[in-house]
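Top to bottom, those sequences are chains E and D.
For the first sequence, this note's numbering begins at 12 and goes up steadily by one.
For the second sequence, this note's numbering begins at 2 and goes up steadily by one.
Since the hints were derived computationally from the structure, they do not count as laboratory data.
There could be a bad hint or two in this list.
[Said to hold, decoys possible] Lysine to any residue pairs mimicking SDA-like chemistry, simulated, CA-CA at most 20 angstroms apart:
#1 E:Lys67 to D:Lys34
#2 E:Lys67 to D:Glu117
#3 E:Lys67 to D:Gly70
#4 D:Lys34 to E:Met12
#5 E:Lys213 to E:Ala80
#6 E:Lys40 to D:Gly55
#7 E:Lys67 to D:Met2
#8 E:Lys67 to D:Ser6
#9 E:Lys213 to D:Glu19
#10 E:Lys99 to D:Glu117
#11 E:Lys99 to E:Asp76
#12 E:Lys67 to D:Ala15
#13 E:Lys40 to D:Met2
#14 E:Lys67 to D:Gly55
#15 E:Lys67 to D:Asp69
[Said to hold, decoys possible] What follows is a list of derived Cβ distance ranges for each label pair:
#16 D:Gly152 to E:Ala169: 46 to 52 angstroms
#17 D:Arg136 to E:Asp38: 38 to 44 angstroms
#18 E:Asp131 to D:Glu72: 46 to 52 angstroms
[Claimed, not checked] Computed footprint of chain D on chain E, listed as stretches where at least three residues anywhere in the stretch have a Cβ under 8 angstroms from a Cβ of chain D:
#19 58 to 71
#20 182 to 189
Values in this document were obtained by computation on a predicted structure and should not be read as measured data.
We put the CB at the ideal spot given by N, CA and C, even for glycine.
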Amino acid sequence: MIPAQFDYLAPSTLEDALAALAEHGDDAKIIAGGQSLLPVLRMRLNAPELVIDLGKIEALRGVRDDGDAIVIGAMTRHIDVLNDPLVKENAFVITKAVEQLADPQVRHRGTFGGALAHADPAGDLGAPCLALDAQFVIAGPGGERTVEAVDFFVDLFATAIEEGEILTEVRIPKRAGWGAHYEKFVRVAHQWPIVAVAAAVKVAHTDAGATISEARVGLTNMGSTPLRARSVEQALIGQPPTDAAVRQAAASAAEGTNPPSDLNGDADYRRHLVTVLTRRAVLAAAGA
Amino acid sequence: MTRISVTVDGATYADDVEPRMLLVHFLRERLGKTGTVVGCDTSNCGACTVHLDGRSVKSCNVLAVQADGSEVTTIEGLAHDGELHPMQAAFHECHALQCGYCTPGMIMQSIDLLNENPTPTEEEIRSGLEGNLCRCTGYHNIVRAVQTASGQQTSASATLEETAS
Numbered sequence: 012m013i014p015a016q017f018d019y020l021a022p023s024t025l026e027d028a029l030a031a032l033a034e035h036g037d038d039a040k041i042i043a044g045g046q047s048l049l050p051v052l053r054m055r056l057n058a059p060e061l062v063i064d065l066g067k068i069e070a071l072r073g074v075r076d077d078g079d080a081i082v083i084g085a086m087t088r089h090i091d092v093l094n095d096p097l098v099k100e101n102a103f104v105i106t107k108a109v110e111q112l113a114d115p116q117v118r119h120r121g122t123f124g125g126a127l128a129h130a131d132p133a134g135d136l137g138a139p140c141l142a143l144d145a146q147f148v149i150a151g152p153g154g155e156r157t158v159e160a161v162d163f164f165v166d167l168f169a170t171a172i173e174e175g176e177i178l179t180e181v182r183i184p185k186r187a188g189w190g191a192h193y194e195k196f197v198r199v200a201h202q203w204p205i206v207a208v209a210a211a212v213k214v215a216h217t218d219a220g221a222t223i224s225e226a227r228v229g230l231t232n233m234g235s236t237p238l239r240a241r242s243v244e245q246a247l248i249g250q251p252p253t254d255a256a257v258r259q260a261a262a263s264a265a266e267g268t269n270p271p272s273d274l275n276g277d278a279d280y281r282r283h284l285v286t287v288l289t290r291r292a293v294l295a296a297a298g299a
Numbered sequence: 002m003t004r005i006s007v008t009v010d011g012a013t014y015a016d017d018v019e020p021r022m023l024l025v026h027f028l029r030e031r032l033g034k035t036g037t038v039v040g041c042d043t044s045n046c047g048a049c050t051v052h053l054d055g056r057s058v059k060s061c062n063v064l065a066v067q068a069d070g071s072e073v074t075t076i077e078g079l080a081h082d083g084e085l086h087p088m089q090a091a092f093h094e095c096h097a098l099q100c101g102y103c104t105p106g107m108i109m110q111s112i113d114l115l116n117e118n119p120t121p122t123e124e125e126i127r128s129g130l131e132g133n134l135c136r137c138t139g140y141h142n143i144v145r146a147v148q149t150a151s152g153q154q155t156s157a158s159a160t161l162e163e164t165a166s
């Protein structure tokens, strides 16, 4: 399968990319790593007149320390996020999710920002970013703006990125010392999750034993956008990281979700599955 | 048309290509490097795996123009002076193929795997090859070949184990 014809630009600065986008409007499409876009172009589900490649803009790559947050450049490849010590130390649930994202070849090529801007509800990065209250930095003709994770994911394959804008980086507040796990349920190893759960928890150890003092739980593919399981988070606070306590807290994981029905399972199946995966994710994150 | 310059298996090529041309088609149709095959054409099966600047990628999921200025290694660039690359030799010794169609991609990904992790466990090998499908389902000997190439198992001991079991 071969994509329809398009023109191609590979600017070396963000300013040039924004200028090209301003000139061509919605006839243009941004390509980052291309691991989601190229299949779409080959199947001719989309046929832009111009493809603007961000691959030569070095300023958009890399992870940096920014005080109380870490900042991941939109063009940072998954493999480089996976191996980054700052991410591992301060946003471990991201590391755990990227570890299971697609397969090695796709992780070598695909980018952090590209996957998030694509906003596939079954994508692995939305739930952990939402759970950690990530902020999305978006550049446009009028300058830069910052969007909270809860406002970034709008719908199926739709984000707060407007026409003429480019996602440049993602800021993630530091949470050092938290345990994390990404529990992903798949039929084929390198495919999208049927359901997945991102859990990050802080466990306090006192003379009375271990208790969960803070918890963040994000859900993948339980609706048209990534979701937070806030009732589970609240129920976990003050609980010991035991199977019985976590099982009870995880029972409400499907609350407020609207999962899809497809060949891999209907919505009711997913509503059950998410409670099981939430329990596993939280227990693993707590090191229990 | 877009002018690109790409180094493939040690030789540099300059060419005008349509932006929509996939890297795998550039390799096969422009350079005649048909050792890299198109399998599923949906970026699932990994048969078209090559190394792009030292890392494995699915060449049906990369545009040729994106490889401008890069170095590509294909299955055809592995052997030197008629001597097989150790991974190729291990696949041969362990009979790590049935129909052979997935083999170029399997070998390229296996080399990448050992570059990252020189002594992987069996589980790490299986997980490192998750992006490569063998529709003959001949995974067992492929895993053995990678173990052999990593020096963790000789092909002779693999045969003995098989006889014993």
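Now for the hints, and whether the structure bears them out:
no., hint, result
1, E:Lys67 to D:Lys34, "violated, 27 angstroms"
2, E:Lys67 to D:Glu117, "violated, 25 angstroms"
3, E:Lys67 to D:Gly70, "holds, 11 angstroms"
4, D:Lys34 to E:Met12, "holds, 19 angstroms"
5, E:Lys213 to E:Ala80, "holds, 17 angstroms"
6, E:Lys40 to D:Gly55, "violated, 28 angstroms"
7, E:Lys67 to D:Met2, "holds, 19 angstroms"
8, E:Lys67 to D:Ser6, "holds, 15 angstroms"
9, E:Lys213 to D:Glu19, "violated, 52 angstroms"
10, E:Lys99 to D:Glu117, "holds, 18 angstroms"
11, E:Lys99 to E:Asp76, "holds, 12 angstroms"
12, E:Lys67 to D:Ala15, "holds, 19 angstroms"
13, E:Lys40 to D:Met2, "holds, 18 angstroms"
14, E:Lys67 to D:Gly55, "holds, 18 angstroms"
15, E:Lys67 to D:Asp69, "holds, 10 angstroms"
16, D:Gly152 to E:Ala169: 46 to 52 angstroms, "holds, 50 angstroms"
17, D:Arg136 to E:Asp38: 38 to 44 angstroms, "holds, 40 angstroms"
18, E:Asp131 to D:Glu72: 46 to 52 angstroms, "violated, 31 angstroms"
19, 58 to 71, "holds (count 3)"
20, 182 to 189, "violated (count 0)"
Violated hints, listed in ascending order, are 1, 2, 6, 9, 18, 20; each of the other numbered hints is respected by the structure.
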